Each structure stands twice: as C-alpha cells, then as structure tokens.
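Colleague: The hints should help you fit chain W onto chain B, whose structure is shown.
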Amino acid sequence: MITLNSALIVTAILFSLSLIGLVLNRHNLIVLLMCVELMLLAVNTNFIIFSHFLNDLAGQVFVFFILAVAAAEAAIGLAILILIFRKQKTINVSELNTLKG
Amino acid sequence: MTLLQFIFYVFSALMLLSAVGTIISRNPVHGALFLVVCFVASAGIWLMLQAEFLGLVLVLVYVGAVMTLFLFVVMMLNLDKLPSRAGFKKYWPFGILILLLLVGLMIYVVAPSHLSLASNAIAIPHPADYSNVQALGAVIYTQYVYAFEIAAVILLVAIIAAISLAFHAFHQDTKRQNISKQVQTTAAERLRLVKNMGKE
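As given, the protein sequences belong to chains B and W, one line each in that order. The first sequence begins at 1 in my numbering and counts up one residue at a time. The second sequence begins at 1 in my numbering and counts up one residue at a time.
Worth flagging that the hints you see were computed from the coordinates, not collected in a lab. Take these hints with a grain of salt, some might be off.
[As the list claims (entries may be wrong)] Label pairs and their calculated CB-CB ranges:
{"no.": "1", "chain 1": "B", "residue 1": "V93", "chain 2": "W", "residue 2": "D129", "range": "44 to 54 Å"}
{"no.": "2", "chain 1": "B", "residue 1": "N55", "chain 2": "W", "residue 2": "L165", "range": "37 to 47 Å"}
{"no.": "3", "chain 1": "B", "residue 1": "I80", "chain 2": "W", "residue 2": "H126", "range": "38 to 48 Å"}
Values in this document were obtained by computation on a predicted structure and should not be read as measured data. Where a beta carbon is used, it is the ideal one built from N, C-alpha and C, also for glycine.
Chain B with its partners taken away, still in its complex shape:
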C-alpha cells in the first residue's frame, strides 16, 4: 500500500516545482496561470492524502470546494488575459506597466 511519507514527498516536490516554474516563467502570463493550477493540484492532493490516512471525509469536501473555486478563478483569469491581450497586444508581464506600480 501507499505510505503516508512517500505520498507527502511527491506532493511536496510538485508544489516546489510549480513555485519554481512561477518564478522562472514570470514573463508569460499563460504559463503563470498554469503554474498556479499545478500548485492547487499539489495542495488538493495533500488534502486527499490526509483525508485517506485520517479516515475523515472533510478533506475531500474541501477539495470539492477548492475545485469549484479554482474553475471560477481560471475562467475569470483567462477572461482578463484576453482583455489584456486585446488592449495591449501582449501577454508579457514585464510590459504590463500601465499602472506604474
């Protein structure tokens, strides 16, 4: 059977990978969104692992709601990305400096 330790290590590697991807690909807005999805996947998998090993369904309920919110986030994020591309003709994050923030 799967041991708790090995499952947690796999999700830790996945989370770190997506964090590094977020930093390394910081110019491309689409890849940034995809890396956020990967992060959410790692966190969800952790919830499911603990739900499995502690025999508690609350973890799976949390994952259910995180999935719903993540789908909404992806839809709105991509709509904003389309708007940015339509106005600025670019998705390069370093060129999006209209606000001078």
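Modeller: Same frame as chain B, but now just chain W:
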C-alpha cells in the same frame, strides 16, 4: 515493492515529469497538453487514495473544461511573438537549487513523526461495498450545504464575469434579438396560409 506501490510510483513519476514539461516547454500549447497529462496522472493517484468521486471530477472538470478553456485561449490569442525566456536560461540553476532546498525543508517538516502518525502508516481500506459518492453526498448535502450553495453562487458569478469581461462590443452585423419587435408581433405576421394547389 507491491504492485500498488509500483502503480503509485509510475503515476507519481508521470505527474512530476509532466509538471517539469509544463514549466520548461517553450510553446504554451505543449505546456497545456503536459498539464493535461499531469492532471490525468494525479487523478490516478486520487483513485488509489480511495477518493473515487474527486478523481473522476478532476478528469471531467479540469481536463474536460478548464484545460479546454486554456487551449482555446492560447489558440485564440495568436501569439506570433512569445515573451522572451532570457530569465529562464539565466536563472534555472538557481531554480534547481531553490527546488532542492524547498523540497528538503518540506520533507523535514511533513515527516510523519511531526504529525503524530507512523511513517509507514497505512490506511484501513474501506469494505468492498463502500460508496465514496454516497458518503460524500451525505456530508455535502447536510453538514456543508451552505458552503455548497455558496460554491454554486461563485460559479454563477464566474460565468457572468467571464462573459461580460470577454464580450466584444456590438458590431453592425452582429445578429441579435429585438425583443420589443418580438413581443409586438401578431399572428398574421407569423403564419402564412398557402392554398393547397395539388388536390381538390
């Protein structure tokens, strides 16, 4: 190594390798396709952890809807020049260093001795007639029913927001309903009686 462990490690390796592919792929379409593989592999892991309903939902919602949306957007944008990857080539060794540090830290922190669980803890498998969908539904529709309704409202808001954000302004040739004209119509405008010339 038992067969289950072998399957788990195969799914894990597939998940991690496709995550690497998502990060390093130059073309966003390839990245999105690698992400699909990653989701399918982790759906396999979720099935092995006896979260059958969520494993199926992950494939249906993520692979079926969210990643399709990503692919649609990537193809719609018509990116002739992608953002430069100068930073990537320069900083990836540091990225790997930070990755190793971070993973080492997390492995230390999530050690099961810190979680008051044995490191080789093995869950008691559910009996063969256990239904994950039934158990989850029994909780969601009673204990978490308000959260469930809020999630539904969030999805509705997301639909309205996505449509109203991405909707183009009306063009001259946009086909649209004229509701007042529809309401004021009479039967004579809609129905035309044609005399049957063939018989009689």
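Colleague: Hint by hint, say whether it matches the structure.
Modeller: To see whether the hints hold, each was checked on the structure:
no., hint, verdict
1, B/V93 x W/D129: 44 to 54 Å, "holds (52 Å)"
2, B/N55 x W/L165: 37 to 47 Å, "holds (43 Å)"
3, B/I80 x W/H126: 38 to 48 Å, "holds (42 Å)"
In summary, this structure violates none of the numbered hints.
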